[in-house]
Structure formats: C-alpha cells, structure tokens
Amino acid sequence: MEEAVADLWATGVSPEGHPTQFVRKELDAIGVLTSVQLWNAEPDTVVHVAGVVTHRQRPQTAQGVTFLNLEDETGLINVVVSKGCWHRFRKVAREAPAMVVRGRLERAEGVINIVAERLDPLPMAGKTQSRDFR
Amino acid sequence: MGFNNPSWPWSELEATLSGQPPSSGQQQHSTEPINRDGRAPGSPSWNAGGDSPAWSRKRQPFKTPDGLQRPASDADVVPYAELHCHSNFSFLDGASHPEELAIEAARLGLTALAITDHNGFYGVVRFAEAAKAVGLPTVFGAEITLTDGLLAGLGVARSEPDTDRQVATGRVPDAHAPDPPGTHLLVLADGVEGYGKLSRALSLGHLAGEKGAPQFAFADLAEMLGGHVWVLTGCPSSTWAQHVSQPEAARRARRPWIEGFGQDRVLVELWDHGDPLDSARNDALYELAQQTGVGCVATNNVHYATPAQRKLATALAAVRSRRSLADVDAWLPGSAGAHLRSGTEQQARFARYPGAVERAAAVGRAAAFDLALVAPKLPPFPCPAGAGDQPLTEMQYLRQVTEAGGTKRYGARPTQSEDLSLRSRAWQTIDRELALIEQLDFAGYFLVVWDLVEFCRRSDIYCQGRGSAANSAVCYAIGVTAADAVSLGLLFERFLSPERDGPPDIDIDIESDRREEVIQYVYERYGRHHTAQVANVITYRARSAVRDMAKALGYEPGQQDAWSKQVDGWGGVAVTMEQQEQEQRAIIPKTVLELALEVEDAPRHLGIHSGGMVIADRPVIEVCPVEWGRMDKRSVLQWDKDDCAATGLVKFDLLGLGMLSALHYAVDLVREHRGYEIDIATIPQDDDVYAMLCRADTVGVFQIESRAQMATLPRLKPRRFYDLVVEVALIRPGPIQGGSVHPYIRRRNGQEQVTYLHPLLENSLGKTLGIPLFQEQLMQMAIDVAGFTPAESDELRQAMGSKRSARRMEQLKQRLYAGMATNGIVGDVADELYLKMKAFANYGFPESHSVSFAYLVYASSWIKYHEPAAFCAALLNAQPMGFWSPHTLVRDARRHGVVVHTPDLNASLAGATLELCPPNVDGEPAGALQGGASQGGVSQGSLAVRLGLGSVRGIGSELAKQIETVRKEGGLFTDTEDLVRRVPDLQLPQLEALATAGVFSECFALNRREAIWTVGATVQSRPGRLEGTSPVMQRLGCQG
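Which chain is which? The protein sequence lines are A and B, in order.
The opening residue of the first sequence carries number 0 in numbering that gives the first Met the number 0; numbering runs sequentially from there.
The opening residue of the second sequence carries number 0 in numbering that gives the first Met the number 0; numbering runs sequentially from there.
Do not rely on the hints blindly, as some may be mistaken.
Here are the simulated lysine to any residue pairs, SDA-like style, with alpha carbons at most 20 Å apart [what the hints assert, rightly or not]:
#1 90(A) / 584(B)
#2 310(B) / 283(B)
#3 90(A) / 564(B)
Hints in this document: simulated from the structure, not taken from any laboratory.
Based on the provided sequences and hints, a complete structural model is requested.
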C-alpha cells in the first residue's frame, strides 16, 4: 500500500495498486459492491459502490444532472447525480476525491448506471485528481 | 459553421425527429437571456479544436436592447463626441463592455464615441458591431503608454523623475503601482488610413518589447503616425498634465508634439471629474493651449458607462494594483465622475472654456468611420515556373498538383472510350470542383493548405484535414483529407458553393506534440507581419470573479481560495447567490458576490486560441495589432476568432490532436519492438476489433471512450466502418445522456419500424434508417424532394441554421414548397417535412467530419486490440489528451493483461516505452484477460510497458531526456552518486521524487525508504568534489 501511495504521489500512476483495494475489507464489511459485482446485482435495487472520482461532467443539455465516474480496483462505475442530490451533498459531490455512493442500480443493454441517493466521502491515502468538464 | 446546439431542448428535437407533433412550447425559444454585453450567452461550438469534450463558445450577434430610449430629435442635444473612453478591454482599467458603452452613448445621443483602450484595438470589433446596431458613429484610437526614458526622441536616457524613482525605490518602475508609471499618449485614427497606420505602430511597439511590456518611443510614433491621427494630451499621466505647474518644462515638452504630429493635430484635453484640482488644471491647460496655438477639447476620460459601475471600476483598480481597496483608496477618485456624459452636461461643465465641447464634436465627426475594413486577401502563392519560364498561375499550379495527386489516389484519367467505374466519376468530380474553385478564385487558399500538409509529410508529422473539407475530391487528391469523397458519395457543395461568402473552412488536425513546428513554419513562410495566431480572450468566470473581488475587498488569500472553491464551477455567480439565499446562510459575503456578478464575463487578459492562424496578403498588422503571446515565439492578434470572422480575415485552424501523436508513437513502438509497420491509412477491417467496440471496451480509443459513447456502443453494436461514422455523429455532448434514446438506436435495434415520410426520402435517409443524422442528408433531401441544386441546398441548410436571414429563408421556403408540390408533396406531409428539416438544420453533424474522425476511431481501436502494450505506452506519452487519466489508462491496460513496470533509472527512457518481460513474472499469464490479444496469433504477453522517467513529479520531459541521453552516452548509472555527478541539474526534491517513485528499486536494489535516505546524502556530491568524500556519506558509511 505504501508503494501504491508513493506511486500515485510521484507519478500519478500506480500499476500494481488502486487506492480502493486497500480499504476493500472495510468496504466489504459495509456491503459496498465492486464494479464487477454490479453485473450480478439485481436491477432496480439499491446498492452501495465506492471509488475514486475520475470525472465530473455536467453537459448543458442534461438540465442540471451531473455525471460522476468512479473507479475502483476492478473497473469503472457510472453515477448519475440529480440536481437535488447534488445540492444536498454538494460539498462531497464537488470536492471529495473519493466517495461511497448509495443509489439505485439501472441496467439496460449492457450499460450500468447508479442513480445516486446519497454521497459520502471516502477517506483515502493517495491523492488523485479528477477531470471536471462542462 | 453551423455546428451549434440549438437553443431548444433535446426532448423536442427528439420528438420532432421521431415524427411526433411538436409541443406547444416551441414559440418560447426566442426569449433567450441576454447578457450584460447585449448578447445571448454563447452557444457551444463544435469548432473548438483539440480533443473533445471541451467545446468552445461562439459569440452571438448583438441585439439592441428593447427599452433603449434615445433623444427625441437632434435639436434637443448639444453635439458632443466622447473622445477618451476605456472599455473593459483596457484590462482592469475599464469596467464596461464595449457594447454597454455603445448603448449608453446612443441613449445620450452622442455625436460619436471613440474607443481608446490601452495599447491596442482589443475591443473594436465588438464595439463596432454594437455601435452599428444602435446607429452610433465610431472613432477608433488607443491610449499608448510611452516607454519611460524614450520621450521625444531623446534616446534611451531615462527621464529625471524616473531616475529619481529608481534611486528612491532601488528598482525599475512597477507596472502594478497604484499609479502606474509611464507617460500616456492618446491617439485617434482619422479614418481608414490612420487606422491602418495606428494598427501598424501598435504592432511594432508590441513586437519591439515582450508580452505585457511593449516599447513605444515618441519619435517612432510621431514618424509613423504624423498627419494621420489626432493626439490628445490625455489623462494625468501625460507630459502636458504633469507639467502644468512647471511652465518652462511644459514649453520644452510640447515642441516635439507639434513638430511630430502637426499644429492642427494636437489637441489639449480638458476633463472634469469634480476633483478639487480639476478646474485649476483645466485653467492652466487652457491657457497653455492658447499660448501654443493648439485647440482644446473636452472629454470625460471615461472608464465606465454609467455612474453605477464606479464600484466595479474601483475594485478592478485594486486588482490591477494588487492591493486591497483600503490600501489603494488614496489613489482612487473621490466621486463617480468617469462615466459617459451627454453634450448638455459637458456644455455646462465646460462653459468656462468656449469651443472645447464643439471641437470635441467636430473631431468626432471628422474621425468617425465604419469599421468595414477591406478584408485582406491571401498572399500570392509562390508558384514554380511552367513551360517557357513563365511562372504558373495559382490555378495552373493547383491543377498540376491535383492531377498528380488524383492519379495517385484514383488512377490515371480514363480515356474517352473507357468509362463507367469509380475512376471516371472521380475525375469528373475533380474537374467540376476545380472549375468552381477557379470561378471563386480560391486556388491560392487550396495551395496554402496543400503546402502545409506537404510540410507535415516532409517532416513526418501526422496530420489530417477535418470538417467539411472531406467533402471534396480535390482535398482528397492533394492529400489534405483521408476520406474519399467520391466513393462515399459526399456532397461537395457542403464544403464550397458559389453562394457562400468567404473561403471555405479547411481545418487541419496535427499531432499535438509537433504542432509547434507547423506553426513556426507558417511564420517563417509568410512572415511575422503577414501572419499571426488568433487570440482567445480570457474572461472572468465565477470562480476567478469571486477570488479577485474578495482580494479587492481585502480578504486573506486563504479566504479567497476557500470561497472560490465554494462556487459552483458550472453555474456562474448567479447560481451561487441563489443557493445562498435559499439556504439563508451567507458563506460568501454578499458584497463579494455582488461585485463578482458584475465582473463575470469581463475580459481578464489575452490568451492564444488553440489553433487559428490568420494569413494575409498585406500586412495583417495593419488590420489588427499583433503582440507577443505568453508562449515562446508566438505572435498573436488582439482579436479572437469571432472578431476575425466578423472582419473577414482568412483563418486556418491548425489544431493539435493528441490522438495523432499517440498513433504516431504507437506506430513507432510497434516498428521498433515488434518489427512490423502499421500504415494508418490502410489498416485492415477486423471483426474482432468491432467485437471489442460492441463490449464498450474503449478506454483510450479516440472519440468513443467517453462515458456517453461507452453507453451507446452496446446499443449500437458497430460492425462495420460506417457504423463508426454514425457513432461519432450520434453522440454530441449532452443529448443522449438527457434520458431519451435516439430514434436511430431504436430503429437499429428493431424497436421501431423504419419508415419514410415520403418515398422520395429513401435515397437520402436510407443509410441511416430514415433518421437524418448528417447535414449532407438535409441537403440531399432538398435535392430529392424539391429539385434543389446542390448549391441551393447548401444555402437552405445555412439559412435554416441561422436566425438572421429571415427574408432569404422565406424565399427558400417558398421555393422548397413549390418544388415539393411538383413532386406531389403537399399539405400536412409538406409541412411536417419542412418542420423536420428545420429542426435538424442546426443539429446535424457534417458527415464528412464524422468520416474523418471515424478513421481515427478505427485506427486507435485496432491498435488497442492488437497491440495493447504499445497503445498504452503511446497514450501515456501523448498526455495530456483524451478523457481518461494516465492512472485509468494504466489500470485498463492491466485489466487487459499488459504488465506495467514503474519507472527505473537504468531501464526507463524519458517517456513510456516497451520492454521484453520474462513470462510469468507474477504467476499470472500475461495477455490472458479479455483483451483477446493473445488470440491474434502473435504471443503478445512478452511485451511490457515501462513507465518513463518524465512521469515522475517535478522531473519533466527535458530533465528526463537529459538523464536518458547521459545514460546512453556514458553507460548505465552505477549508484545514486554517479547519477548526481553525471546529471548535476538534479536537485534534492527531484531526487527524492525519483526515490519515492522507486526508480532506484530495481537497478540499485534500494527500497524506496533507503533510496530517499541515500539521495539526501549523495546530493552534496557534485562534479566539483571528489567522489565518495561527501561528509554525510562518510559518516553514514554509505557506499551508495
């Protein structure tokens, strides 16, 4: 873990480790799923996911909806944050480098989205930088 | 170009395209919000350049505000022209947009208004557009800051006060002083010729200095401008005002003015802001003018349009001087006097000085002109000699080049007897295009582009034309584009048609890491006075506005940071204010927010546009001043892309595309490490690659790697090249994510039947299942249903896309209905068809552009699938680019079984590279994951990615390159001391970063903690010292 943190600090790339893998035990304990496990979860159920925020996007035509991309050690997770939810948790939404998201799982034609209901910060060693777009 | 999103919601477009009746709300769209500058918010424009998803904004046309009241008749107003007026393009020394000033001047009924920003013509195009709309005559000028010590042609000797200041402060004058040093000279052009000369003088002054520090000498200005401008003695920072109390000095100082600019061209400027000393000074200046025999004019030294903006003006003054308002207070004017005043008001103020107001009006009238400058043409292209030593004309040369290129692409011209086939069709198309190019006289334009592409080819720089140029067979023949317009059946008229004004747009994507070479080639080839880059005006955004206004109000830097972070980067200041009000807590003080709201969108400074270059036949510096950019060797216009378009400057977009760099690196890596050559132009089609795309396994792939694209790929299931063309067009920022599914996808998946409104549409819409996706289809529809010519259809497309040409649109509409009627399309069907076309007009994507981009999509997909290691390394080396961060790219490569090693001092190059890796290094068979690379037949797992030294924090590519070179020349490094001695530029923080990154772990078997200790000790060992004698080293007994 120390090496992964050092890698992220020094080069921004850690080939062997991902920040979430070092807290996976704790995440497992509170029932957080990985991006791979999402494929086995029932659609329309409420799930928890966690990861490093790689992108925040709010396209003009999406009427205030924000799209977050989380990354955990197994892959990428799409999160949709409504205007109200963003507002309610906006400190976390705007600033947290990593977060735990509770939300409804949507799955259609090979695409998985988590429609967020709650955002919590995930304290983590190793700093990553998200890319935020309009 | 019409790549703007329309101002109405996607849901309605979707409904219209799906054939549902339009909702009743459609009429509301005309009520767009209007910004302070009298324009609707800019719409995002596809033309931004660079990789998505950053779209630039296009400036909207100025609209005269509805409630604008003007004086009822000329008899009511005292004629007066304001000759000294700063807009916010004086960067922090003016508070109003040029448009606001024009509106206020019209309201006051001014005879004319001069715009006189500091050292430039930054805001003149916007100003001219607004002034024209409100019917205000315009004068163009600038307030030039003379370089200290170069007054009156006295050479470089510094003036006495400057020397005094230097002695007192121990430093040269500070540009951020509350009362900035330097003497001002206010210059007004007396017409088109004067404008050109002033522009030239401004350019030369800027080019003589450096960014932000131009050099203007009085003698130079007098020589270049004498007889073509009026000079005003100007504000407090002019020699005349400075010398009022010293008559002798004043007499000495004014002689060069009169000699240089002419007795009748020097005007003594009087202004009255209500300061205690204003009257006394004006009296003295008036007397001085009488003695000297020069005229007096009244001005108001305007810095904002209305008194209400004074608060903002003072806050900006504080920002400029880098002090808080409290600290700068003593230098600020006591009252809100520097606003635009009417003739009546000025008449009352300047009653003591007869003639001053009248003369201002007279000069304003004489100097005013319309900024409809003659747009410069392209320079003549240097053509080689033809038969009989006569140089070829541009057209002859273009024909010759096209003939050669066309023969290579399509084969020789078929003879009369043989016909049919693509070949004869291609040559017919080429001839038709050439005839039109000749008719429109654009041969030179094509040759310039061809020359650039040839330069890239010679220098082994990847480049590719983008946009509508790919509709042209000539562009394909001369190698500008990669898409064969003939076999794809693309409409040339989308690119070039007789009805278009101005040359076509040919944008070239160039691999981003080498774009600078192409830019410098253009400078070299056409000269610094004839070509320059287009500027990008950096404006205040919500966050910077809050930060700067908090600074002005004297809050601590930490506080400024905290607040600016609170601001929602997406919503603007208004949204943040709303949030605070809703929650009834004031995190950010209201005073800060109110000022921030006012300053939002105001220009802050000038940047460089991502790729635009203007090339002209006469010196472009005489049209728009040129100054140095922040980047080395870049000279930049003072206008942005919208300004250039409005004045008709011919712009070439040389855009940097990270993916072209990545492809180039990948091809090089594959050649070096796998021993075969990939030709990007002829990559074979491969089902496995499409299978990968259907899985949405596209991290790193060009264009379709973003989340929106990934979400559609499994639905679209691309299986052939044309599907990629559709995919590129289908997803634009926004729509699909808005919740509804595109009708094309519904049809594609059989959830909806493929139907056509009329059988005649099957020709144009067949390939996209009855849903229009491309602009070319709109044109084809008009051709098929109403018998339009291709040129007419392009006109229709453009007219539908813009709101400006309502009359022309009406004519075309009638023509369309008449044409449809002859084909039996009438009534509801005709209406619905028209509505559909109109809905789509602005929304569609040019097919040609999609095709060009789809080539890159496929090429990058192919490499990702077949050479995942090379792909990953290439992407890392081309950073920053694309959607995903390096970390995600590496994780993705790992998921595909690629082994990735951390940087190592003796194994890494400056950038990422490939190396052979022993099999089963960590027990995990490489290439076993879903990537499918191992199915390709070659054993893929044997190549691993080795990260580069340049990726380590604080090292940078130059230092990394240096380490690489030193190692190549002198052999492997033996220990950290060896490194420090051979690369003495490495400092302790960099060594520690290297140690932290583990670059000594493999080569010296030092773990990271040991390594950090060791570098701390060895850093004292330098070339000047004996090896192994560093005291710490000895004490630690450390041998490195």
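Out of the numbered hints, which ones does the structure contradict?
Checked against the structure, the only hint that fails is number 2, while the rest are satisfied.
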